[in-house]
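S.K.: Add chain B to chain A, keeping to what the hints say.
Each chain, written out:
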Amino acid sequence: MMQASAVSALCLPLAVVAMAGQAPEPALVIVHPGPDMPLAGPARLEVEIAPASVMVRRVTFFVDGQQACQVETRPFQCEWDAGSRTDPRIVRVVADLGEGRLVATRRTSPGGLTFSTSTSAVLVPVRVTDARGAFVRGLDATRFRIYEDGRSQHIASVVNEDVPASILLALDTSASMRAKLPDLQRAAALFLDAVRDQDTVSLAGFSERLFTLTPQTDDRGAQRRALDQLQAGGETALYDSLIRAAGLVRTQPSPRAIVAFTDGGDVVSRAAVQTVRSALQAADVVLYLIVGADAPAAGSPLAQLARIASETGGDAWFAPRMDTLGRHFTDIARDLSGGYLLSYLPDRSTGDGTWRELRVELVDAGRGHRVRARQGYIATGR
Amino acid sequence: MQARGAFSLGLICLALLAIVAGAPTLATAQTTPQIWGSIPLPGGTAAARDALDLGDPRERLGETVLLDFVRRYANTDLRSAGDRFTHHLREVTTTSTAPSDALPLPLPTFWARTYGDTTLLLARLIRNRGALLTYHGLMGLDEDTLAILATRPALLRTISANDTAAGAFATFGSSLRLGPRGEITPGDDADVLWRRLVGTSPTDIDAFTRALFGRDEGRLAWFYDTVAGLPPATQRFVLASHLAPDARLAAVRAIYARFTAADPGWRIATRPFYRPVFDAAIALLVLDPEDDGTVGPAWWPAAFDAAAGTSRDNTRATASDRAADARWFFDWVFAVPDAAQTRFAAIRFARRLFADTPREAAPHMQAAIAGVLETPLVMMTAERMGVRDPAMLGAVAHAASAARSPRQSPALARWQAALGLLEQVQRRVTLPEARLAPLLQTLLAIAPGTPGASDGSVAAWIDDHLLPALIPASTPPAAIEEAFLRAATTSPDAPPASIIWEGQTYRLDTAEAARVSATTIRQAFAGPRLQDLLEISRVRRAIDDAKAPTTTRPLIIRLERIAPAIARIDHRDDRRIRDYAQMIRAIGGSLGNRLGEYLSTIDDAVDAVTETVTASLLYALAASPAAEPILYAEAWSRHSLDAPTGLSSTNGRSWRDVAWQFPTDYGLGGGTQLIGAFLAVDVALADARLIRVAPDTPNVPGVIDDPIRRGLVERLVFDTPHTSQDDIPVTLGEDVIRGRAMVSSWTTTRPDSGDVRARLRAAGTDAWRANVLAWIAGQDRSDWIASLTATEAAGLGARASGREGPLLRWSGSSRPIDGCLCAIDVRSVTSEQLRGRRRGVQALRPHDVTVRLVEALATIDLDASLAPILLPMAFQDWLGASRPAWPDDSDAFVHWPRELSIDRVEAYLMHLISTGVLAVPSGEETRP
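Protein chains in written order, with this note's numbering: chain A, 1209 to 1590; chain B, 68 to 995.
If we strip away everything but chain A, and leave its shape as in the complex, we get (with noise of 0.2 Å):
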């Protein structure tokens, strides 16, 4: 055991926080969860700081380590989706004083159910366009076969059009990207104003590293803002930057896409761009990537990356003019409003982490249609 002080949560107030007379030493006490609570679903975190004359600047809560949100008035309490582990979790209450601050941390207890299974519905986004490129709207789950390893699967249920996607746009700021940085913002600004109201996107730039500029939002303010404020520098590490875009997109509802710029290859990477594939469908992501360059050799890794992006569902576009971009960007966001959402239980277990190919197929597909959907899935029951 390592030497450390053995403060209580209910003396640690007294050491940090001086206050005047006999005034009743302020005290913080975690209301929800309680003691013997379990922490799953939409879960309420609320504390008390009595005396109620105490000034209290704000509250902020922690679960297992991240910010679950912050309070400035009372009563101190806020909403937390706490999905669906019921395993024990850390909570963390900081209140600011001003002049000092109270803690408390709590350890929820083991949900005393769990709802588990070895069966997740698997979620297949699908597009379907018309010989022109035109998208097919209005099908039902009857015009659709899904097969998972060749095994034909029943679907459960198909929507069109009203779900939200979660969207990562990342454009590349690396220093070869200085005098073309311009023409990137005004198309990804058009991107910006396509996208259907209901559609979240978090903001990224990437050199050696990707970097959010905005969180997951609907502000559309916001991105413009943050667009405005990319600026040029480093080298560029697509693979590194697409793999850590997946990592942040996979926690977002599906479905999920990257939309990603590039003026070139990667320079810097320290992944491999099979890893790259190896993220995408860890996290079910629909890659999008626009390559303001000429169309590279068979082979060669960024054609290796194109192709990646078309068996996640996604495309992937050559565009050495820069004027030309708006229209990609457009097209990306119109590819994105005009999708299905089908969804099948699985007729085996979907916890083994194996790889299932994915095929999708029209009934009475009309002529010149063509269904896109990604080719496969990683089976982690998630």
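Among the hints, a few may not be true.
[What the hints assert, rightly or not] Facing chain B, a subset of chain A residues (Cβ under 10 Å, in silico):
hint	residue
1	Arg-1300
2	Val-1302
3	Arg-1417
No lab work stands behind these hints: they were computed from the structure. Every residue, glycine too, gets a C-beta built ideally from N, C-alpha and C.
M.R.: Positioned in the frame of chain A, the structure of chain B alone reads:
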């Protein structure tokens, strides 16, 4: 602009005169010589820093701006920089309303008498190289010396009039110590020695000082300054205190010759702040000689000479004993200038590992030293693995030497990867030497070029030796790799620790983080697993034992079963994989009597799987715990120990040389590509350790150049939960807090500037900085207190409680200096001694981060032993925030640690919670 351009220097001077008309510090300068005065800087220090690219003024002391100006530009073009400075003064004098700031000025009377009027000094100073260098030198002197120099203006004028003397004085002047009876020379009873070496008596201050700084292109001053900065034992060593006077002088002259011979192209007049990459001074700074003035027993010189000779098998290292003293040390290390650093590494290696070795073991030591000279990385790896037995170290050297023969590149890659894998296991689980030795012996026995080496021997070693040492024999085949990764990341001797934070008990489990990371890397890798390697290796060995088709048929079935795993090796266009698939098609359904035709195909497949699995496992362990483990899933496939063609830095060198060198990233536009040995891969991948706690913050391209950054970052892999905690004194946090409290009390007690200076110097602050801070204190100001670093506070606190200062063994990587895969122990080295050495930054600055972390942890009642676990997050922040303005701008690394907040440290702790490294153990609920 034209009017502004027409402004004359005289007008500037008039303006300056007006600004400082009431300066009290100059009022008495004409009558009584003063030690300290001030010089006004029109427009203020912040504007000057901005105009002259001297770093962010918000992060630095304003009063060092003139010192920094000299340090930044004296090695390049001080004249042009002076023009810029003049232009800036012209601008601010005519357009700015910002008030002047005062800068410290030593010996104001000297400057006033030399330049006519001190108010004109700045304008003249910045256009006079000799004067600027003299100013820099005076700023590093103690008050007693300054007081004596105040009475010798002619001496100072002589120095400043000569660029060589001024350059030497600027850089090495701080070791000048003048007392009532003359120069106080460094070393015990060394006056006579210095008199003979300098050519005049130390009591003749003028002559001695002129000679010291004027002779031998500044090399004499460099030697003098080096000796002055050494601890007493090293002073006795270098000044040959154990010898009779005449022999002593000859020895010291011979040693001094190494200083005069160093880097003939270095002109102190034009590059005063330059230092050679490796030289006698840096060797002395990190050497740890015995108190008797030697570095080893008398039989060492013969053993080292034999090791450096051509015959490796000369085991009779007892020719004619000669003291392993300083003269021998310098003779041996610098006998071959290009090999001096490697030879120094060999001495240091011997000091660490053979200090107590009896003479009977001389042949082993000789072999090991030869190994360091020939393949230093493999010997440093053996040391890092905990090998201490001289015989085993000698055996490692022999194996490495045998493996250097031509045409063994693929076999060497497999063998090295196995050795690298063992290194990565060992650095985490620390097998005792009794368990490690058989593993290493059996691996050395199959090194390429040795009689035991054969096809498939590495795979067999993993099956027969490595795995039985780590995992139970009953492990189900499908779980072998999982069990191996668990065993390779979890030390049974270092169970998870517990800490209490804010009343809550947490379990600290770094091993689990490494296991999860390594497992994630391997899961992202699509190729064969460790159990696949065992299976094909076992089948191949079983074929040799099979007598008839009835017994080979089951083997064919096993070969068919493993085919899909082998087919997943798709990282390169590998003929061996295609051949195996063809073989499976050809022998499928046969009776097995054709299996003998395919032995070479199966052998090739065993090799391919061995290369793939060992290298990938090695990377998984070397990179873990990584912030983004999946990035390393395939990185191993771009690691080569062949010299790339067309790469200028390795042109002309064979793969045999490259294959044993530290793995270096040659990227070359195709992503990361490590070239070099499969050893110390975790050191090469040290940036995997960095954790960005707020990943959503914009990524500012780094300004720290790559060699410096790597040197700083690789320090992180030398901390392990098992080794670092012993290095951290439990009192350090208390020292920092005590030091801060003591300094805070000075705002009321107001110690005089001399007292402030003395205390800071005793606490380890360099002479220039101590003088500047003391000068500010003397201005009746207390704002300087906020600029103290945590290390300085710890030094003050420790001195106040009668302890030694903070341990600087948390400093940077020792590898660039002596090859050791360890943190350098530089307790006796100060930053001023490393000025001009770019590696000085990486050697000395990391401890500021650690000490500040310890202070912050103490503030929230957490133990100092948590600091190493927080370093990967702190280093990421630190490297992103530190923006040096010139190559050896070490002050740029000080600001961030000073500003590190408790909130940020808590964010680090929260990150550990979010990743499960800190977890609440079952049954440990929050206390009521």
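S.K.: None of the hints should be skipped; say for each whether it holds.
M.R.: Structure-based check of all given hints:
no., hint, result
1, Arg-1300, "7 Å, holds"
2, Val-1302, "8 Å, holds"
3, Arg-1417, "5 Å, holds"
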